[in-house]
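What follows is the residue order along each chain.
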Amino acid sequence: MKQFLWSFFLIFGLLSPTAKGQYVQGYIEDADSKERLIGASISFPEQKFLTYTNQYGFFQQKLPGGKTRLNINFVGYEKVELEFFLEKDTTLLIALRPEVKKLETIEIIAEKGISGGTIGKMSLSQERIKEIPLIGGEADVTKALQLLPGVQGGTEGSSGLFVRGGSPDQNLILLDGAPVYNTAHAFGLFSVFNPAAIKDVSLYKGGIPAQYGERLSSVIDISLKEGNRIYTRGNLDLGLLGVKGLVEGPLGKRKTNGNSSTSYLLSGRRTFLDLFTRPFQVFSGTDNRTGFYFHDLSAKLNHQFNPNNQIFFSFYTSRDQLDLGNRSRSQTDSTSIDSRLTQRVNWSNQTAVLRWNKLISNRIFSKLSLYYSRYRLGADLRNRVATTGNGMESSTEEGSLFQSNLQEISANWKSSWNITAQHNLRMGLGIQAYQFNPGAVQFKTQGDSLARGDSLLEAPTQRLLVGTAYISDIFQLGSKIKGHVGVRLSAAQVSEDILPYIQPRARIQWQMTDRINFQAAYTQSVQFLHLLANSNLPLPVDLWVPSTERVAPATSRQLSAGVAGSLKQGVWTWQIEGFYKEMEDLITYEEGANFFEEEPTPGNIAPSSNWEDEVEINGKGLAYGGELLVQRNQGRLKGWLAYTLSWNWREFEGLNQGKRFPFTFDRRHDLSIVADFSLNEKRSIQVNWVFQSGRATTLPVGEFISVNGSTVQLFGERNSFRFPMYHRLDIGYSSKKDKSYGQRVFRVGAYNAYSRLNAYSVSVFTSNGEPTLFANSLFPILPYISIEWIFDKKK
Amino acid sequence: MTIKTHIGGILVLLLGLSSCTITQELDLPTVERKLAISGLASFGDIFVDTAVTGGNDLLISRVKSYANEEQDTIIQGSIVVRGGTEDITIPQLPFKSIFGYNYRMDVPWIPGETYSLEVDFPTYPQANCTFNVPPKVEILNLDIQEAISASNPARVAFEITLQDPEPNAPNFFQLNLNALHTDNEGNTFSNNIGWFIEDPLIQTGSRYVSDEIFVNGQYTFRQELDLSFLPFAPSFWQNWEFTVQSINQESFNYLEELNLHTLALDNDLFGQPKPLPGNIEGAEGFFGVVVVSADTIPWP
Numbered sequence: 001m002k003q004f005l006w007s008f009f010l011i012f013g014l015l016s017p018t019a020k021g022q023y024v025q026g027y028i029e030d031a032d033s034k035e036r037l038i039g040a041s042i043s044f045p046e047q048k049f050l051t052y053t054n055q056y057g058f059f060q061q062k063l064p065g066g067k068t069r070l071n072i073n074f075v076g077y078e079k080v081e082l083e084f085f086l087e088k089d090t091t092l093l094i095a096l097r098p099e100v101k102k103l104e105t106i107e108i109i110a111e112k113g114i115s116g117g118t119i120g121k122m123s124l125s126q127e128r129i130k131e132i133p134l135i136g137g138e139a140d141v142t143k144a145l146q147l148l149p150g151v152q153g154g155t156e157g158s159s160g161l162f163v164r165g166g167s168p169d170q171n172l173i174l175l176d177g178a179p180v181y182n183t184a185h186a187f188g189l190f191s192v193f194n195p196a197a198i199k200d201v202s203l204y205k206g207g208i209p210a211q212y213g214e215r216l217s218s219v220i221d222i223s224l225k226e227g228n229r230i231y232t233r234g235n236l237d238l239g240l241l242g243v244k245g246l247v248e249g250p251l252g253k254r255k256t257n258g259n260s261s262t263s264y265l266l267s268g269r270r271t272f273l274d275l276f277t278r279p280f281q282v283f284s285g286t287d288n289r290t291g292f293y294f295h296d297l298s299a300k301l302n303h304q305f306n307p308n309n310q311i312f313f314s315f316y317t318s319r320d321q322l323d324l325g326n327r328s329r330s331q332t333d334s335t336s337i338d339s340r341l342t343q344r345v346n347w348s349n350q351t352a353v354l355r356w357n358k359l360i361s362n363r364i365f366s367k368l369s370l371y372y373s374r375y376r377l378g379a380d381l382r383n384r385v386a387t388t389g390n391g392m393e394s395s396t397e398e399g400s401l402f403q404s405n406l407q408e409i410s411a412n413w414k415s416s417w418n419i420t421a422q423h424n425l426r427m428g429l430g431i432q433a434y435q436f437n438p439g440a441v442q443f444k445t446q447g448d449s450l451a452r453g454d455s456l457l458e459a460p461t462q463r464l465l466v467g468t469a470y471i472s473d474i475f476q477l478g479s480k481i482k483g484h485v486g487v488r489l490s491a492a493q494v495s496e497d498i499l500p501y502i503q504p505r506a507r508i509q510w511q512m513t514d515r516i517n518f519q520a521a522y523t524q525s526v527q528f529l530h531l532l533a534n535s536n537l538p539l540p541v542d543l544w545v546p547s548t549e550r551v552a553p554a555t556s557r558q559l560s561a562g563v564a565g566s567l568k569q570g571v572w573t574w575q576i577e578g579f580y581k582e583m584e585d586l587i588t589y590e591e592g593a594n595f596f597e598e599e600p601t602p603g604n605i606a607p608s609s610n611w612e613d614e615v616e617i618n619g620k621g622l623a624y625g626g627e628l629l630v631q632r633n634q635g636r637l638k639g640w641l642a643y644t645l646s647w648n649w650r651e652f653e654g655l656n657q658g659k660r661f662p663f664t665f666d667r668r669h670d671l672s673i674v675a676d677f678s679l680n681e682k683r684s685i686q687v688n689w690v691f692q693s694g695r696a697t698t699l700p701v702g703e704f705i706s707v708n709g710s711t712v713q714l715f716g717e718r719n720s721f722r723f724p725m726y727h728r729l730d731i732g733y734s735s736k737k738d739k740s741y742g743q744r745v746f747r748v749g750a751y752n753a754y755s756r757l758n759a760y761s762v763s764v765f766t767s768n769g770e771p772t773l774f775a776n777s778l779f780p781i782l783p784y785i786s787i788e789w790i791f792d793k794k795k
Numbered sequence: 001m002t003i004k005t006h007i008g009g010i011l012v013l014l015l016g017l018s019s020c021t022i023t024q025e026l027d028l029p030t031v032e033r034k035l036a037i038s039g040l041a042s043f044g045d046i047f048v049d050t051a052v053t054g055g056n057d058l059l060i061s062r063v064k065s066y067a068n069e070e071q072d073t074i075i076q077g078s079i080v081v082r083g084g085t086e087d088i089t090i091p092q093l094p095f096k097s098i099f100g101y102n103y104r105m106d107v108p109w110i111p112g113e114t115y116s117l118e119v120d121f122p123t124y125p126q127a128n129c130t131f132n133v134p135p136k137v138e139i140l141n142l143d144i145q146e147a148i149s150a151s152n153p154a155r156v157a158f159e160i161t162l163q164d165p166e167p168n169a170p171n172f173f174q175l176n177l178n179a180l181h182t183d184n185e186g187n188t189f190s191n192n193i194g195w196f197i198e199d200p201l202i203q204t205g206s207r208y209v210s211d212e213i214f215v216n217g218q219y220t221f222r223q224e225l226d227l228s229f230l231p232f233a234p235s236f237w238q239n240w241e242f243t244v245q246s247i248n249q250e251s252f253n254y255l256e257e258l259n260l261h262t263l264a265l266d267n268d269l270f271g272q273p274k275p276l277p278g279n280i281e282g283a284e285g286f287f288g289v290v291v292v293s294a295d296t297i298p299w300p
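Going down the list, the protein sequences come from chains A and B.
Using my numbering, you'd call the opening residue of the first sequence number 1 and step up by one each time.
Using my numbering, you'd call the opening residue of the second sequence number 1 and step up by one each time.
Just so you know, not all the hints are guaranteed correct.
Claimed, not checked - Residues from chain A that keep clear of chain B, each with C-beta distances beyond 12 Å, as calculated: (1) Thr91; (2) Asp274; (3) Gly716; (4) Thr766.
As the list claims (entries may be wrong) - Here are the simulated distance ranges between beta carbons: (5) B:Ala67 - A:Lys568: 49 to 55 Å; (6) B:Pro231 - A:Pro780: 55 to 61 Å; (7) A:Gly654 - B:Ile213: 26 to 32 Å; (8) B:Ser190 - A:Ser336: 37 to 43 Å.
These are computed hints drawn from the structure, not numbers from a lab.
Glycine included, every Cβ here is placed at the ideal spot set by N, Cα and C.
With the sequences and hints as input, model every part of the structure.
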């Protein structure tokens, strides 16, 4: 296969036409805010060429010259048609005006060409995300993605993404180019991305371009808004769970055209459940303390030196914290005992990105970026007992700490070079340095001070260095065939060894008719990081760990193919796609893995002191299935139907007696229906309905008495038990009203509207000798109401 | 339409849909109908209670299914031990408890020999297993030393030297120390001290130690003890008894897996379920033999 791809690539390079011509290139931006627009389509009807703006709103196309016509389309904006005589390389700056009548806008969720779009890649705009009713009325990026074909959530309410049989760690989630390692707020109920600050979300689940790598299953590329360069605007959103706000605007002197060279954006949110409950706890006199909150903050600074040079700095931070406390006092005649139990679980993300975009020449666009990303998790349990009396004072303290820290720093250079009208060469280099601190520590009593005692798992700091390079040709052969072919080289230093991996990537699209196209793609990937997640709990007790001498990097190969088309001039679009994905060298916890209990091992050697001793390695994964997406893009009723039929297997030598077993989130059927019905220009009703086959789990099915008198539970085959099927209806209503300051948006609705008791977990309890299987549900119907004030003088 | 009209419609819709709520009744899959056989037979210098109840050595029960189904009781069948000098049929005189049938395994095991156990109960699949009896460890020396601390004269130290009978095969030992008192009527009172291994070569956490640490087939274990922890005055006690229980690699592995299985049931944040395979074909459970060596020395 590798040889074939290389030959294919070389042949394309040698035989490609080198027709002379001129370049049309430029930026497309919002006329009001001067924000650059990502994914706007630029079509050249005479030449039958189609291109899109990149992440920075830039496009470039080589044309034969002469009379030239181009059409520019972008969701929510008025179409623009230009006609001019092309006799030399031309740079354009095109400003699109937002459409006034929303009813006539075209909602695009799949990147569409002239007949249905590119399968394997999907995009969601901020507008679309905000209109999907979800828990608490909180618009949510990852939950919106879960409604797309081939993408599943984990447990009820979880923000985890399982793409085409992969696990959450196999998704490269980029925020302005920097990876984010934990996307969950509130134990997974919300994602960490504040939709108010998001400009665009793109999901690649197949045919992943060579510029992305080091994850097996998908890429989710999230771009923050750049900030309005003309005037200051903002919004404030007050809901049942919290408050969020955004402010953006120009900085510094305005230029003659009224724009500023510099713009900023600042957005944040915080839940206030803890602020409400704290006074009640104080006034009720209880000694139990419970508190939970999360917050996040996004900031971005954007400066344009000249049309060819632009620099961005973006910063993001988020934190979740759960506090549980209990204090009890007892008093006798001579002594008093004061006992305090505190538990704190917190996790946080930080990213910082500095990027320089430069248009080097009419043919070459490049960007240079530096980023830093950090994820920290801490679960701390302390129990302190103070005893006073008989003239003496003493205190003891014990506890345990689980922590998982991961830091990454990286430098990347990427470039796009238009060689000919038919060939756009993309290439890049990058280096990433990782530092891991996974650890679980038990503390012991030591007089009045707390000191580290038995450290059952206190792995030393581990480091990983990864270098990457890629080259890719985006080609067009005539008017019927286009695609990309490329290769990515990733190499990691593991101990003393350098492990190189060559990953071919290819996609080809054949325009069968005006309305139907066929596409096929091949993606090979490697992943040097692993996530160890507990198979039973959805809590963020996850350990990020590197590849080591024992734990090899994971690899995957995916082949996908499908057809896409449109009906009624693009009012309806549809896609059918099949995929087959193999994964190797996966890891998972071994059976009985346990960090905090004393764990003897054969030979009575010291208890396990390293995560590597607790994992099964060299696991295999296999996922295959088919996906269907039907969208209605225009009219009063818009939305989509997404259906996935898939199978998902895992195989480890040390698990399930070496036999393959269903993955935990192997769901045979997954159906989502998303509809947005406009009552008029200002009011609309939104409905989601989700249906999924039950996920798999391992349960005890019987018991007997063992040699030492304890009860031994018999388990069925691994993941042989299925949860009941999952289904849920969410409905929402939104109403907008223009105000002197801008606009007010009122939203009301309900998550799980018919209060289906979906099983969140299942467990067996024995009462009076009779075992019973219980299904625990998390959310009944959850109504919500929120008001958003948009401070925007243009509204 | 006004906002009030919209909201009213939504509320009516919600109330109507809420009436569709159903509660799932979940059924577990049934378990294959089979026996559970559990036993660690004791053999050697003295009998030690290694089994589940009352010193019996083999428990035969049925696997209890969690599924909501009628489950029958078991009817006694035949139990045969093959190997050694002759085949032995276990007498049909079990003690019946809430767990099942307990059979005394009075078999003259020959250390180092391989045996098979065959269990055939009506209406249940026939079950059998093959196992070997571990060699008996030899106690080369047993010693108790004088008080070693001037500030605590009640503190004594014990040393026991063992000879590994199979230096080339992995074997495992459990050490026990008992304080004994025999009254005038011949009744013996025992107080189990256990064995708190303090050897730096050996980590705590297991009930058994491996012969990996033996040098030239021998090893001396040492334990210090504060006699003030014993019930009654030291003068009450007359003898110290040491026992060494030997098990083979297979039994050791099963006991350790059983320990992990039990820990996993507690299911802390990181605990993973732990299936426990046994050594019996056609049934669940495990059977093995513990060979006991014992020695006593008088109170100093």
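Hints, one by one, checked against the model:
1. Thr91: holds (48 Å)
2. Asp274: holds (22 Å)
3. Gly716: Violated, because the least Cβ-Cβ distance between Gly716 of chain A and chain B comes to about 6 Å, which does not exceed 12 Å.
4. Thr766: It is violated; Thr766 of chain A is separated from chain B by about 8 Å at its closest Cβ, not greater than 12 Å.
5. B:Ala67 - A:Lys568: 49 to 55 Å: Once the Cβ atoms are compared, 53 Å apart, the range 49 to 55 Å for Lys568 of chain A and Ala67 of chain B holds.
6. B:Pro231 - A:Pro780: 55 to 61 Å: 58 Å Cβ-Cβ, so the 55 to 61 Å window holds.
7. A:Gly654 - B:Ile213: 26 to 32 Å: Since Gly654 of chain A and Ile213 of chain B have Cβ atoms about 27 Å apart, the given range 26 to 32 Å holds.
8. B:Ser190 - A:Ser336: 37 to 43 Å: holds (41 Å)
Consistency with the previously given hints fails for numbers 3, 4, ordered from lowest to highest.
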